[in-house]
Amino acid sequence: MGKNEVASRLSAPVFMFEKLGSDSTFAGVKENLKNYLISKNMLSKRSLVGIRLSFQTLAVLLFMLIGVSAYAADPAVASSDEAIAAGKTVFNANCKQCHKLDQKSVGPALRGATDRQSADKVKSFIKNSTAVIASGDAYAVALFKEYNLQMPSHEFLSDDDLNNLLSYIEHGDKVDPAAAAAVTAGGEAGAATGGGIPSEYLTVILGVLVLVLVLILVVLGLIISVLTKYINKQDLPEDDKEFVSQKTDYGKIFKSDGFIIVVTALVIALVAKTALDGLYSVGVQQGYAPAQPIAFSHALHAGDKEIACQYCHTGVEIGRSANIPSPNICMNCHTHIQNVGGKEGVSPEIAKIYAAVENNQPIEWVRVHNLPDLAYFNHSQHVAVGGIECQTCHGPIQEMEVVKQHSALTMGWCIDCHRQTEIATEGNAYYDKLVQLHSDSKDALKVKDIGGLECAKCHY
Amino acid sequence: MKENKKTYWKGLEQLSNDAEFVKHADKEFAELPTVLNEEGSASRRDFLKVMGFSLAAATLAACEAPVRKAIPYVNKPVDINPSIPNYYASSYSAGGDYASIVVKTREGRPIKIDGNELSPINGGGTSAIMQAAVLSLYDKERLASPMVGGAKSDWKTVDEQVKSKLASAGSIKIVTNTILSPSTERAIQDFATALGTVEVITYDPRSNYGIAKAAEATYGQAMIPDYRFDKAKVIVSFGADFLGTWISPTEYSEGYTANRKVTKEKPEMSRHYQFESNLSLAGANADYRTPIKASQSGLAVLALYNAIAKKAGAPTLSAPAVEIAHLEQAANDLWAAKELGLVVSGSNDPNVQMGINAINDLLGANGSTVDFSNPVYYRKGDDARMNQFITELKGGQVGAAIFYNCNPVYDHPRGAEIAEGIAKAKVSIATNGTLDETASLVQIVAPDHHFLESWNDFNPKKGQYSLAQPTISPLFDTRQAQDSFLTWAGNTTSYYDYLQANWTEAFFPAYGAEAASFQEFWDGALYKGVIGTTAPAVGVPAIADTSASAAEVAKSYKADNAGSELVIYTKIGMGDGTFANNPWLQEMSDPITKATWDNYLTVSQKWANDNGVTMVEEHTKKAQLTVNGKTLVVPILVQPGQANGTFGLAIGYGRTHAGRAGNGVGVNAYNLLDVSKGFVQTDLIAGVEVAVTGDSYKIARTQTHQTFMGRENVIQETTLGEYKKDASAGRYKPEIYKDGEFVKPSKISLWGGHKYSQHHWGLAVDMSSCTGCGACTIACQVENNVAVVGKQEVLNRREMAWIRIDRYYSSDAPADDLAGMEIAAENPEVTFQPMMCQQCNNAPCETVCPVAATTHSSEGLNQMTYNRCIGTRYCANNCPYKVRRFNWFKYHDNKDFAVANMAQNDDLGKMVLNPDVTVRARGVMEKCSMCVQRIQAGKLEAKREMRKVKDGDINVACAQACPGGGLVFGDLNDPESRVSKLLKIEESDAAAKEVGEERAYHVLEEINVSPNVWYFTKIRNKEKNEA
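Note that the protein sequences, when read in sequence, are chains A and B. Quick note: the first sequence uses the working numbering, first residue 1, plus one each step. Quick note: the second sequence uses the working numbering, first residue 461, plus one each step.
So that you can see chain A by itself, here it is in the shape it has in the complex:
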């Protein structure tokens, strides 16, 4: 390490134990998130809403072709694609938790804001709504009375940010209801027709088949008994009679050596298999879904509200642990959102966050994903470098009311993935030499090819 380089490795001289005011933290977190999202422009990459967004984009394109505008926006607000795209990022990072474009949410629907008020007024309201309300602005006071909530200040947003944001609010993601409905319907129809036989039909078909086979068996049995009766009535030679009337001696079969050996072997094999399976599952907690101290729903936050995973799990791209968010991150939104589904009062679950903050008492979440101490796992390697989606290991987390361990998290499971996964080498100079050396091979460069199966990659 050169003498100059050491400086860059030293942390900034902030006295780390100084208690930061909640305001500064709040602003700080948002600022960080904003910068981060803008700089990396990765929101859409791993957003849980990726697919839906594409529908929306389609709708927007359609809408643009038709060229019908439902609202008259302030002509000063730019409608360029770049401005809209940049504004969307700002919107997603700062506004989305409480606002929708065309519907009331926690706060009012935003589209047409510059129609209702001048653009400058809207900007000053976004920057510091408290000040505007305090200044006695009639429209602002009316808004405050209607929603009985104050919007947090956004002083950290630059003028460019605000302009872009307004562009997005007025011109972005416009949905023509009819067209949207058509697209949705078309999409569903497409899903229904393509992709072969759906699984529920398979079960029915199987059931019918079994039924048919059973019927055939019964019919065959009936035929045999009818035939036997018929033959018995005939006058047959003694040999044939004996043959017809002979009975199977089941007792003898049960007592035969062969039978005992086969059965014993089967039983032993079965017991051994059960025992082995049992042993292999020792310590494997797949499906583990413990009750948490707060009934936090990923389905609501990540699914419904489409909040990006990284918003709360701040460590996932920079470090080993993804980080369970601390209450100050919860409070970014829950300062304003006190209940679910627009209900009055404070939800008892959300009240637990308030209690934690007030009593300075950390929330003791139950750890769901437990790796043994001897295994080293680093989130940033997989998420930031490998570009693996969260759901690959954690399953459909955006549908989980209670988080459950989706994968086995065994070494075999890790190794299987390392055998199959291609490395995201594009644009990453670190892999240049490896890619070059591998160029002769017709297979893609996989994790296993660069030492991904070696012991000391995870055990040290």
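Hints may be right or wrong, so weigh each one.
So the derived list for chain A, only partly shown, Cβ under 10 Å to chain B, looks like this [to be verified]:
1) Phe156
2) Leu157
3) Lys247
4) Ile318
5) Gly319
Keeping only pairs whose Cα atoms sit at most 27 Å apart, straight-line, the calculated DSSO-like set for lysine-lysine is [stated by the list, open to error]:
6) B:Lys1215 with A:Lys433
7) B:Lys1408 with A:Lys446
8) B:Lys470 with A:Lys442
9) B:Lys1082 with B:Lys470
10) B:Lys1441 with A:Lys433
It is worth saying that the hints were derived from the structure and are not from the lab. Just so it is clear, the structure is predicted and the values come from calculations on it, not from any experiment. Don't be surprised by glycine CBs; every beta carbon is placed ideally from N, CA and C.
Following the hints, complete the assembly by docking chain B onto the known chain A.
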């Protein structure tokens, strides 16, 4: 190498071919009892019972996995991200040592201390004690609250009592060790102003009062000069262990080794003469070392002066003639080097130091290698004033005695009298962080924060400043001592504000020219940790001549003393004893004696022969040591290189109130020091008697635990003259007969050879730069969670160190009988060789593991997978370097190791563990991993930033700690890396690289295990190859 016919030996038992030693030598695992104690003994039946029970227990336990919690912060600080380390620049100052440091924290816990590369004083270097100091933060024997009258109290009570008591105490004395902090001095000054009759009395357990006193006489000001070992071409040291323990050894080691790195382009190095009684670290590194009696040291200085004065045409001094080998040669070399010569002395006698001043003045070194114009402040102690104070204290003339983080009851020669006197003072207060020998006697203890919890500033050298900042919230109900002084002075400012105010006033105008505001200046200083400028060295004119002091020296030193002499010295791992409760340091194997967990009387081989003492491995006898009526019983250690007629004994041991790990280890040598002449005298040349008692004793040494069975090519060395003639001088180049010709061993292999497509990690070790200081061994222990096993287990040969420093003695004298051995052991040459896993490409360990727990990686690392290891120990048996360690016990969470293995047993101690490295379980092998956790982290950072790994991004803990730059780590596949350039490697992705550097060699090259660790031949600056 072969030609010079030297004998290399790790210990005297190997030299003498002792039967007992030979019996054990080839055994990898000594057959010794495996039990710890009576209760711990286990029979086969017990084993079966336990097995049965644990099977059942495991089955039951498997039914339900334990619920584990994940608890986030309530309000996460912006800078702290779980799993991501933060680094803070700070300063270390304790036990007489100073360094600017960088503290690594994880989740708010300091876990590692390293040198600050921006510091002009210690650079990136550290010492073993600095590396280990982080554990003292998590010592559960630190005081958890203030104490009044031996009972727990609170700060309100303490403040009330102190204020009311001090108001009526009369004369107040603050006793302290050297204070390097200008703001602390000012705070104490404010306290003194507020209370009136306050005097600050400074003393140092390791005193250099003699140098300051001599400077006062010679140059008119009491000061210690800045010794510039980096400039010196010829160094002569009289008993000053400047590489180990003298004044500022880390700084000096950096300067010294910078001049010892020899390359083909620059085949030059400094020449170093050492005249001393005990074999010190500096002596072990010297080109010419002469054992002299302590009683001769003063005369030797005068003789050197006279020799140079003759050449310079200056008047000589009258002094008794003394016969000392190499002295004349040293004088010649010094005179040739003139102002690039440097003469130092470890003596605390001002008269001797005046002689040193005179020599340096004659050479013109004053203003060059000896810089009195930029003095250092490491030692400000006044032995005479302290002596007087003790008399006053004993006489009941002191109203209040305040002990500011010092422990004179233990570490002052008149400690017993201080203990007596404390009871006579009306008020006695201590700010010590633990209930040590002094604090346990005072009325009120107001414990200070640990230095890693404190704000402070330091002024180690004229014009150089550094800051210390807290890296963790205070763990206990302690208060920074400066805050206590301010409070007691009636000042309500916090010390942090006080410090900033002082910097605004004192340093911002001088050093803040580039900063826009004080805040910017402060942030910058805190970020870098250091500020300052050093003015160029200017010679200081002498105002007195040395004839008077020379006459004194001639009177008190003798050319031929028949009596026994005792030289009290400091061990690099224990220092002045401040950190005696640190098990890492207690178990650090001393670079010279290789002993752990003890101090001992070092004796010469001749004395041992005369008194019938033989030392085979750990077995030795005890001796009764009597010095001026004071008697101690100490174990004997036969030390090659010990001057005949002298004995050595280390301070820092014999603590009674250090804590569980430090109490009762060794004997307290401070008691023996002589203060009768007004200064603390460590050389006791009269009144010393040593008699062997019949008692047997065992000293736990790591030295003879492994041997190379006489394969002498392990150490390859040469002299500078030979090197200039032939760069590969001293190299042993084995060849093997194959198909009618002799070829290099690397040409014959059973293996196909690995290919390393991306990285190939390697290490170069320069034996000429390694001073043997041992900082790397502790750095490794901290970084890799290496267990401490305790004295008994070291005796059982089960120490766990991943890196050891092998110390070889060599001599060309025969060792066939006792007399021959005496000659060989009289003054051997010493070579240090750091030895860690060599990460062999054809690793013998890998081929014998039945479960593939040790395998080879695609980056050249020999991987050890603990969770796969079943403990057959075949690998250790097959390792030619003996670097693999077996976990004979569960060292963590085990009450049998609770004291020794502090870092892995109590909740507080465990906070020091590196969370990125597994704590190993019982029954598995472990070894150096080349800090694979750092390699992985460095690679990941590069990948995240979408770039290649740059040389210097990744460094191993041992190389990072090394003050001499003796270890260089890097990627052998990267042609731009420092290690590739050092080794002059041809670029290839093959495992066995072609190395162009002629000094580089593999240890045991003939067996062709193809290590990734290369050693550079040791080069001594000698005229000819002589021992």
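Restraint status (C-alpha distance of Lys470 (chain B) to Lys442 (chain A) at most 27 Å)
Given pair Lys470 (chain B), Lys442 (chain A) is violated - Cα atoms ~57 Å apart, limit 27 Å.
Status of the Phe156 (chain A) interface restraint (C-beta, 10 Å, chain B):
14 Å, violated
Per-residue hint verdict: Ile318 (chain A), partner chain B, C-beta under 10 Å:
6 Å, holds
Using 10 Å as the Cβ threshold, decide whether Lys247 (chain A) counts as touching chain B.
49 Å, violated
Do the alpha carbons of Lys1441 (chain B) and Lys433 (chain A) lie within 27 Å of each other, as the hint requires?
Given pair Lys1441 (chain B), Lys433 (chain A) holds - Cα atoms ~21 Å apart, limit 27 Å.
Is the hinted pair Lys1408 (chain B) and Lys446 (chain A) satisfied, with a Cα-Cα distance of at most 27 Å?
19 Å, holds
Does Lys470 (chain B) lie within 27 Å of Lys1082 (chain B) when you go C-alpha to C-alpha?
Roughly 23 Å between the alpha carbons, so the hint for Lys1082 (chain B) and Lys470 (chain B) holds.
Should the hint that Gly319 (chain A) touches chain B count as held when the rule is a Cβ pair under 10 Å?
4 Å, holds
Need the status of pair Lys1215 (chain B), Lys433 (chain A): alpha-carbon distance at most 27 Å?
14 Å, holds
Does the interface hint hold: is Leu157 (chain A) within less than 10 Å of chain B, judged Cβ to Cβ?
Violated. Min distance 19 Å.
Taken one by one, the earlier hints fail for this structure at numbers 1, 2, 3 and 8, listed in ascending order.
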